[in-house]
Amino acid sequence: MLFVVRRVRSIISRIWHKLERTVISKELSYVLAFSRSLKSMRINDSTPFFYPFDPSKRRTTPVGTTILCSNTVDYSVVLLSDLNDIKRTIRRNCKLGFRVHSLILITVIESFARRHAKYFNTELLYSEPVSLRDAIQKLLFYNALFWQAGHWHVGLGRLDFVLNKYYLNDLEQGHITPDGAKMLISEMLKVLNKDMKEKSGEISGDTGQYIIIGGIDEDGNAVENELTSVFLNVFKDYDKPDPKLILRASHMSSDTIISLASETILSGKGSPLIVNDSVVLPSMQSFGYESKDVYNMGTSACWEPLIIGKSFDQNNSLPSIVALKALDQTIHFPVAFETFDALLSSFLDNLGKQIKSVCHDISFDCSPLYSLFFDDCIGRSKDYSRGGAKYSFHGLQIVSLPNTVNALLNIRRFVFDNQLFSLEDCVSAIDSDYSGYEDIRQVLLRNDLRFGNPHSDVVSLTRVITQFVDDVVSSLQINGNKVKVGFSSPNYINEAHSFPASLDGRHKGEPFAVHISPVSDGVDLLEIIDFASFLDYSNCRINGNVVDFIIPPAYQSKPEALASIIRTALDKGVFEMQLNILDYDTLVDAVKHPEKHSGLIVRVWGFSAFFNDLPDEYKLVLITRAKAYAS
Amino acid sequence: MHLRVSNIQRGCVFDGPGVRTTVFLKGCNLRCPWCCNPETQSVSDDLFFDQDVCDQFRESGSRLCTSCKIKGGDRDLLNCPFCAAENSSEILLEYQLYEKLECDFPLFRHSGGGVTISGGEPLLQIHALNPFVRRLKKNGVAVCIETTLFVDTQVDELARQTDLFIVDLKLQSELGLIDNPEYYSLLSRNLASISNSGSRVVFRLVYLDSMYDCFKSIISFLRKIKVDSIELLKAHGLAKSKYTRLNLPFIDYSVKDSSKMMLFISMMRESGFAVSLLSL
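These protein sequence lines are chains U and C, in that order.
Each residue of the first sequence is one higher than the one before, counting from 294 in my numbering.
Each residue of the second sequence is one higher than the one before, counting from 1084 in my numbering.
Worth flagging that the hints you see were computed from the coordinates, not collected in a lab.
There may be inaccurate statements among the hints.
Only pairs whose alpha carbons sit at most 25 Å apart, straight line, appear in this in silico DSS-like list of lysine-lysine [unchecked claim]:
id : chain 1 : residue 1 : chain 2 : residue 2
1  : U       : K920      : C       : K1323
2  : C       : K1299     : U       : K851
3  : U       : K865      : C       : K1183
4  : U       : K865      : C       : K1221
5  : U       : K851      : U       : K920
6  : C       : K1299     : C       : K1325
7  : U       : K487      : U       : K332
8  : C       : K1253     : C       : K1317
9  : U       : K458      : U       : K350
10 : C       : K1152     : U       : K865
11 : U       : K332      : U       : K319
12 : C       : K1317     : U       : K920
13 : U       : K775      : U       : K649
14 : C       : K1152     : C       : K1325
15 : U       : K683      : U       : K618
16 : U       : K920      : C       : K1325
17 : U       : K458      : U       : K490
18 : U       : K388      : U       : K319
19 : U       : K380      : U       : K332
20 : U       : K350      : U       : K490
21 : U       : K483      : U       : K889
Residues from chain C that keep clear of chain U, each with C-beta distances beyond 12 Å, as calculated [as the list claims (entries may be wrong)]:
id : residue
22 : L1190
23 : G1259
24 : P1332
25 : S1349
By construction, the Cβ of each residue, glycine as well, lies at the ideal position given by its N, Cα and C atoms.
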């Protein structure tokens, strides 16, 4: 009899799953899978806040759809949310399909919360918190659910802006002190960090858990409050690589905050990344975000701008475009180029084709859960990823731009201007990975005109390329919407693995340059800042453009000097900046004796990680850069 | 007027207040054997020449070397595609030098920094330096001069325009200046001119191992010129490759006995001198 019951259950389950896949909407299927996930998860009650995330039971993205990544809900909306209100609005205004799965989802959340009422005050689902502690708890509750629902790189947004009123309220009531706030923030970070490995992408630390501080409010006033300083101070002493901090800064930022940011950077945790509001916000507006929304700029997992609470922007879902590939195709073309301009024109043509080949529509996972909180899903009765979100501007990324610019500068100087060797010689050199052509390679490496040098020849060539890219991308769409492009990419190692040698002197398989940074020594921090400030970030060119540099040892004992440099970089007009503290000897020793450096944190493409957790090739890139920049 | 410039280094934080651009002028009347900028010593055109780079490709038979003068061709060394040779200085008109520095004026404002003129011995080019400094000051740029003051010239005009002098005291026994009346005379006279102008002065001393044994004569000299505060710089041997490329003999003067250096500092402090050790 028992056997029969089990058999019947198994058959019903198979039929149900088949129905889910074929008949039931994707959104309802999501809700049912999410519900199963919540029912089967194990609760960890050892954390200072209730954080219902069990990575082993999280909902998996259906086959054939792309994971929703790098999204940031507006936690001020989450904190104000009342599930009863949301239910009423949905019942009153939404179409049937959306109504059904959304109401079931809310019931699932409510049931889950009630089941764990001993850890979580369920009243928070229906009211705005009063205290800072409750605000953090409500934020973490929903944050955990976003992860549990199978979304990745779940950002935290502007927490000094969002949490300040609760902190002030507590202060007024005498319920908290600044040290108490620091402790709560530290505990929040610990909870978020708890599952760092399980939340990480390819490399441990790459969780997308960023916290933004600074920026402006709806009225254009600088956001700088006590919590801004608290976050910076907490991160100065924080001994984990994740979450990470981003500072939105501009000429309005106070000296206090810039100095504190400088000290935090020098503590070696790789945070904060600096976003230049004065450049990024106008650029976002010129691209197409509404002026009334850009104040609430956030980023994807690393640095790609979007609007918190309104963006479904998927800023790095497609493969990066390898600019060197277009050049490789050009120089292998069996036609002689009479002039450098002819070669450049052919390169750009190939680059355009490459960009168009990478750019295509994407079938994304849905998210009824995000749809409860993102504008304008409920209003439109549409899922977050199916037209519900106000903005769906997805992004492309270019990798190897510095290598490409250097290669083109070399071709111009040595092949066309000085006629030192021919293009055929160059092709032979790279086809043999410079075997037998070390002399050519050394010449290529010694061109003083190189990416990052603010010389007009370098800047103008770079601008020609980036303008062309912008022109091409402007004509493209992804899923019916405009597309952004950025010149920073996480794929400087992955895409380079199998890529042949290149005419910047790079050997086959050697990593590409990192973001907007010099390929080797010979360009210092002030030069790269000048160079980056000469580039054009208007129109589509907003999907992340990070000056990435290793701070010279001289500045490490002079935080005020670094603060001045950051201030100057903002004034001059860099887009974004991330600064690493790397000591060559320490890194080499960490490879030989990892046990002595278990706490060593380094900045990788847009996140921080324990050095010991990195794959060897990433360690080597950092060591090579540390050595080059130290010279 | 033109200036012979050896190097321009941006982002310096140990050459005066704030973040500065340091301009290294060519030419010096001393030959300190521990000098870390040997390319600035001679007033004539030196070439940096990397023999290893030259040998590497010439001996490997690279066809890129066939037209080089060394192989009997007509290509000047400075046009070597491997950059085996490079000039150690360039001549710049005063306004040309100014234009090269303008990009950092915003940084100077933010950091309280400015331009430091070092060398070599900048006072050897004082006639070209005066109008250059005048231009800087007219545009609100703070100026610091790093000098030994061991030059027989009128510094009054320069001193009136200079915010800070970093005086590199040459009290090392290797030079023999500590007992040289001319050194004391020129130093005192120039210090007096600077004092009359109101410029600030900071005194620096490069510490060598030999100085420990000359402690008494050093403090005696300092008292004679009424100096009670110095910045100490530990000598290093990081310039070795420069010496090699200039075909100059290199002697490693880097400090071998750091504990004696710390003892030297303690003794100075106990003798009433304020000493700060600069770590570069």
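Each hint tested on the structure:
1. K920/U with K1323/C: holds (18 Å)
2. K1299/C with K851/U: violated (34 Å)
3. K865/U with K1183/C: holds (17 Å)
4. K865/U with K1221/C: Roughly 23 Å between the alpha carbons, so the hint for K865/U and K1221/C holds.
5. K851/U with K920/U: Roughly 21 Å between the alpha carbons, so the hint for K851/U and K920/U holds.
6. K1299/C with K1325/C: violated (34 Å)
7. K487/U with K332/U: Cα-Cα ~21 Å, so holds.
8. K1253/C with K1317/C: holds (14 Å)
9. K458/U with K350/U: Judged against 25 Å, a Cα distance of about 35 Å means the pair is violated.
10. K1152/C with K865/U: It is violated: about 45 Å lies between the C-alpha atoms, which goes past 25 Å.
11. K332/U with K319/U: holds (20 Å)
12. K1317/C with K920/U: OK: K1317/C and K920/U at ~23 Å, within 25 Å.
13. K775/U with K649/U: Satisfied, since the Cα-Cα distance of roughly 13 Å is no more than 25 Å.
14. K1152/C with K1325/C: holds (23 Å)
15. K683/U with K618/U: violated (35 Å)
16. K920/U with K1325/C: holds (19 Å)
17. K458/U with K490/U: The given pair, whose Cα atoms are some 33 Å apart, is violated under the 25 Å limit.
18. K388/U with K319/U: holds (16 Å)
19. K380/U with K332/U: Holds. K380/U to K332/U sits at ~22 Å (cutoff 25 Å).
20. K350/U with K490/U: Holds: K350/U and K490/U sit about 15 Å apart, inside 25 Å.
21. K483/U with K889/U: Given pair K483/U, K889/U holds - Cα atoms ~23 Å apart, limit 25 Å.
22. L1190: Incorrect as stated: the minimum Cβ-Cβ distance to chain U is 4 Å, not above 12 Å.
23. G1259: Given that every Cβ of chain U is farther than 12 Å from that of G1259/C, nearest at about 33 Å, it holds.
24. P1332: holds (24 Å)
25. S1349: holds (22 Å)
Hint compliance for this structure: hints 2, 6, 9, 10, 15, 17, 22 are broken, all remaining hints hold.
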